[in-house]
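Enquirer: Sequence:
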Amino acid sequence: MPTEGHRPRATVRDVDIADDRVRVAVRPQRRRMQCPYCPFTTVHRYDTREVDSSWRHLDLGGRVCVLTMRRLRLRCPEHGVCAEAVDFARPGSGFTRDFEDPAVWLATKTDETTVATFCRVTWRTVGAICGRVVTDKLDPDRFTNLVDIGVDEISWRRHHKYLTLVSDHESGKIVWGTEGKHAAALGTFFTDALPAGAAERIEAVSMDLGPAYVKAVREHAPPATICFDPFRVVKLATDALDDMRRQVWQHARSLSDKQIAKTYRGGRWALLKNPESLTAKQSSTLKALKRHGGALVRVYELKEALRAVFACDLDDEVVLAMLARWCAWAQRCRIPQFVKLRTHHPTTPRRDHRRGRTRPRERTP
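Going by my numbering, the letters in the sequence shown line up with residues 199 to 563, in that order.
One or more hints might be untrue.
[What the hints assert, rightly or not] With a cut-off of at most 20 Å between alpha-carbon atoms, the simulated PhoX-like pairs for lysine-lysine come out as follows: (1) K335 to K307; (2) K335 to K371; (3) K335 to K359; (4) K371 to K307; (5) K371 to K433.
I should point out that these hints are in silico values taken from the structure, not numbers from a laboratory.
Model the full structure from these sequences, guided by the hints.
Expert: In C-alpha cells form, the structure reads like this:
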C-alpha cells in the first residue's frame, strides 16, 4: 500500500517465494530519471548498474518481503553520477517508505529494542531509519515564523543524559533538539539552526527556573521576554509546604499524643494536591488540619494563593495585583521556606496572561 503523498510508479515483473522470503522484481513506469538528491530529471542514462538494488518491504504473510530492481544511472550537474531515485524508498535507504514510516511510529510509542524485535532488524537500523524519516518529514520552514517558543530538557539513558528541546507554542510541535542542558546547548539553536534575523523576531521564551537557558536567551535573543513555567513556580511553593509539613511532623512525634503525628504524616497528599482533586478522606483530613490552624495552614494558604495567580480567566491588572500582594504576604509571614521562595530568583516574576506563564520583571540598573 503506497505511503500517503508518495505514489510509487512501478510495475511488478516477477514474484519468487522461497522458504521464508518473498522477492518481488519491479520496474519503473516513468521515462525520465530523477536524481535522488535534487529535482533534476533527464531521459539520458549514464549506464546501467551491474547488480539489482533491493529494499526491504513490509512482511508478506509472515515472510520477509524484498523489492528488487535493476536501476539506471544518470549524471546530475550538481551531484555527479548516481543511481536513479525510486518513488517507494528514500535516498540511501535499504527499506521502502511503507516499512520505515510504521517503524518510526512504533519508535514514538515504545523502546528501540521492542521496535527492532518486532520489525526483525537491529536496533542500530531503527536509529538510522528514524534519522532518515525525521530529515524527510521536517518542515524546512519551521524556523521562519517563530514568535513564542518553549525550551525544556528531557532525560534519557537512565536519566544520565539530557536533551534540550525547543517547541513552537503556535503549532505545539518540537522544532529542534540537541544533547545537553546547558547554555551552550541552547545557544546552538540561535547560532546554527535559526536563519538570519529570526532570533530578533522571537517575542517570548518559556522555560523552567534554571539559569542556563536564561543566560542563552539573554545572550542571543535580548528582545525576547522570558516566561517561567507556572508548574515550576507553583512547585517551589509545594516543595516549601512539604518541607514545612515534615518539620511539623517531626515536632509532633516528640509529643505524648502520637495521634497528632499520624495526622500530619497522613496529611501529605491532602496538603499537596489541588483541592478539586482530593478524595473524600483527604478532604476530611484537610479540614481537620485547618481546624488546628498554625503555621502549616498559613503555608497551605500561601500555596493555594500562588496557584490562583495562574488562573487563565483573570485580567492582567488583577493578576499583577494578586502577585504583588502574594509577594508581600510571603515576605511578612516570617516562615523561612517562603521567605526563601520569595527571593528564589533574581527577578520578580510577572504573569504572561496569554500563555498562563510568568515573566520576570526586568530589574532597574
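Enquirer: Are any of the numbered hints broken by this structure? If so, which, sorted upward?
Expert: Hints 3, 5 contradicted; others consistent.
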